[in-house]
Amino acid sequence: MKQRIGVYICHCGGNISDYVDVEQLGKLMAKEDGVIISKDVMFACSDANQKEMINDINEKQLDAIVVASCSPKLHTHTFRGVAERAGINQYNYTQVNVREQCSWAHSDKPMDATVKAYGLIRAGINRVSYSESLESMEITAQKAVAVIGAGVAGMRAAVDLARMGSHVYLIEKENDVGGKIATAGKLFMTGENGKEVIARLYQRIKQLPNITVFTSAELGKVSGSIGNFFIDVNVKNELLKLNVGSVLVTTGFDFYAPKEGEFGYQLSDKVFTLQNFNKLVESGNGKLIHNGKPVKSIAYIYCVGNRQSKGENKYCSRQCCTAAIHSSLNVHEKFEGVKAFHIYRDIRTYGKQELLYQESSRKGDIYIKFEEKEPPVVEIKDNKPFIKVKDYLTSKKELTLDADLVVLVTGMVARTDSSEISSKLKIPIGSDKFFNEIHPKLKPVETVIKGVYIGGACQGPKNITESVQSALSGAAKINAVLRKGSIALEPIVARVNSEACAWCNKCSAVCEYDAVKPIESNGKMIAEVNNATCTGCGICAPVCPANAIEIAQYTDNEIESMIDGFSATANIEQRELEHGAKVEGGKSGMKEYPEIWNHIVTSINGSALTIPEISEKTGIESNLITWHLMTMNKYSVVEPAGLNSDETYYKYKLKK
Amino acid sequence: MSHINPEFVEEIKKYGAEDFHLCFNCGNCTAICSQSTKDESFPREMVRYSTLGLEDDIKSSLKPWMCYYCGECSTDCPRQAHPGELMMSLRRWLTSKYDWTGLSGLLYKHLSAYIIGFLLVIVGLIVFAAKLDWNQEKIMHFGHLFEMLAIAGVFAIILLPNIFRMWLYTIVRPKVKATVKVYFKAFSELLVHMFTQKRFLECEKTRETQIRWFEHFILVLGYLSLLFTTVFLDWFSSKNIFVIWLGYLESVVIFVVTFIFIMNRINKKEANHKFSQASDWFFVIWLFLMGITAFAVRLFIDLNILESNFWLFMVHLTVLVQWAIIIVPFGKWTHFLYRSFAMYFEKIKELAMQIKK
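Which chain is which? The protein sequence lines are B and U, in order. At position 397 of the first sequence the residue is numbered 598 (my numbering), and the sequence of numbers has no breaks. At position 345 of the second sequence the residue is numbered 1137 (my numbering), and the sequence of numbers has no breaks.
Just chain B, same shape as in the assembly (with noise of 0.2 Å):
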């Protein structure tokens, strides 16, 4: 039990102490049970405020703090520094949302903001109470990654990782590296072919001397944690046993191969897919030529098997549109006078892509815009094709057109074998079955198995840039990890009480970590948790029949202790806050209902009444009835009774 607390809630500069009297707070707060010293502060962040924690710990010998500011996200970091540098441990601190959860969620309640910030700290002073003094966990790591996918998101990567010194180990399923790039013609924005992307990529991978690549190989089982996986590769019948630190995933994508007769395909040779129709335009020499016959017309149908709102590929795959018309660009500087039809549902040539839609409108290329609702179709008479479709831009008219050749612009979906190497590396699928990142902005390359990272396509469809950009930053993510040959965890993991656990295996069943695995230990089988893999997520805690096993800073005494705290009756005064809102005296408890609930209940009494009916009978505006109404009908305090006898209402009635 910690007993001497020190509190410090902070004003934010107006942020906070606007809507709730702080200052107050402050005073009740040195009353409670162990509390030393309590303050409120105009910014707990600042230095000074930073040196006069310090100086305070000292003085006064406390032993925990807790600090009422904004989000945990912002300061936990900055205040746990202050722990450390007043010499107690860390983990001794508890952060109290103040900002977010009071002052800026109800700032039109400032009495009710004061009252729950009363009893958010309390609960804080409680559990720091309760907390206990924590080291974080250092664990040895193998400076070496294991590249999956040697495509150009996974080359580009290996040779990053390969500069910033791990060794990496490029490990590729196909004969030869480059992906789906290395049959690529003319790129966008450098011109450059994407043969010779490849081609200088691979140089430069050959002279960095960390770089081993293991083509024609396949991923086997993988075991071990952050800083210690262990991977079997088959190369070409030969198991290898690799012991890396990390794994970053660069599987890429397949594209979407339609069915026979989308879109006519199959159904005649003149219908292509673009990187089928990439490969003619490619082989073309002054005139471009198919089946003997000049082209003299190209209608490229965009989204073809994407953003299916019922299908099952619901997303966009981004690069298709710019990829279409870069084609179409192609064809025109390299064969004069082609037509193109772009029958397309939005063209989404994003920012420099921009340029090559200007350009092709230019030329004279036409756009015709359908809906997924209506989409053209391709009909093949005599091994011609002819298309119908509605153009939304004219009023949805009818249009036919004829064109010497259908070129479908596929978009991408993930690989086939993406189930394989999610079930080997554990690594979630989402539901377009590409694989999953933590968040899509705040963790874009982490997955929820620490120490796999994943970037490029196999992710969800990018063009080469952002594949290329999301493998770099999983690369810079693996290099921060593994620089130091250790990595530090944080120690917020379960514990198992041996003393209690029998093993009936609930908690490893529901681990999503596999973290947790049987041992035996004095002549019975006992849970062990590996801390390296556990991120303490506490869902193997409630599950447990037994009460064995336990979160670190999320004991039962901590989470008990904080819900005393949390629903203790407050008695906070009437003042006026210097700045800000008024703050309404009286007694007021978090557990009680709105007194306005009381009016509700009281006027609808045993009948059922409409909206307007309840206001007129309590004098309460009839829109506050509304969201009261409906907050009591989601806790089943009142439920609908039907409508009223001309229909304009509902009528409710109480809930028994």
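I should point out that these hints are in silico values taken from the structure, not numbers from a laboratory. Hints are all accurate, no fakes.
Think about it this way: if two alpha-carbon atoms lie no more than 27 Å apart in a straight line, the pair counts; the simulated DSS-like pairs of lysine-lysine are:
{"#": "1", "chain 1": "B", "residue 1": "LYS591", "chain 2": "U", "residue 2": "LYS855"}
{"#": "2", "chain 1": "B", "residue 1": "LYS598", "chain 2": "U", "residue 2": "LYS967"}
{"#": "3", "chain 1": "B", "residue 1": "LYS381", "chain 2": "B", "residue 2": "LYS480"}
{"#": "4", "chain 1": "U", "residue 1": "LYS1141", "chain 2": "B", "residue 2": "LYS597"}
Quick caveat, the model's predicted, so the values are computed rather than measured.
With chain B's structure known, arrange chain U on it following the hints.
Chain U in isolation, oriented as in the chain B frame:
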């Protein structure tokens, strides 16, 4: 169902259209256009039809004639697709479609055709004058006679059949069911628009619009009344002081206003003057020359020096003949008729729709 014709873009560009296919259908042009209404919206629709090459839809439309080219759409176009200039080009294209002889199209597309036509007129006049032994009196008499014949002939042979074709494309083929009563009821529309260009004033209500409308209005009045003064009041031979001064006034109006128009086209300040086709230049310059030579001829008569400077009358006659048999039937002059008839047909369509409902 309409068939897309990608070749149309090149065709319409020969009539002066700029890169209108740069349009990405934002609709700013339609939003800014004061003439465009919910039921009759343009110019975006016309830009779209032109990009797709839906010739039949354009041919049956009266919308190009609803535009008076204030140029707002071209100024505000984020893609520099110049919708205003496209509408202008569509009017040229429509003129050539209405013309049964096909000469309009030839003249619009080939400057050389214009020049050959003008040269042929000069040669013809010299041969004709030589045949009359350069007898001044006979030539002047012929000049007067020619005016009457030209008006009657051009109307009967070229313009009336063309208006009939316009009616065919815009009323008959789109199956507008209009009773004779409707034709009578809407008729006032034709006269009002022909003599006042009232709709012009509905363009963006600014001082510039009012000035443009006024210039155009007095030019039309001046032109029509000078025609009347020379043909029916025989200005050049008249002794009536009122007729003489009226003729002076009318010819001054014509060459002053056309001079302003020519300067506008040279200065290219406003969007509607940025692009000028040969047909535009010939129209304003020839009108200017007609006004100034007519003025000079009458002045020379009053000063009694025409006989010694008969070349002046020959110049005037040349300009007049070129105007009457090239520019009036096949050039820009026809917009005077087609635009007024477009308003008339539009009214007929509107009334027919009302009856149908």
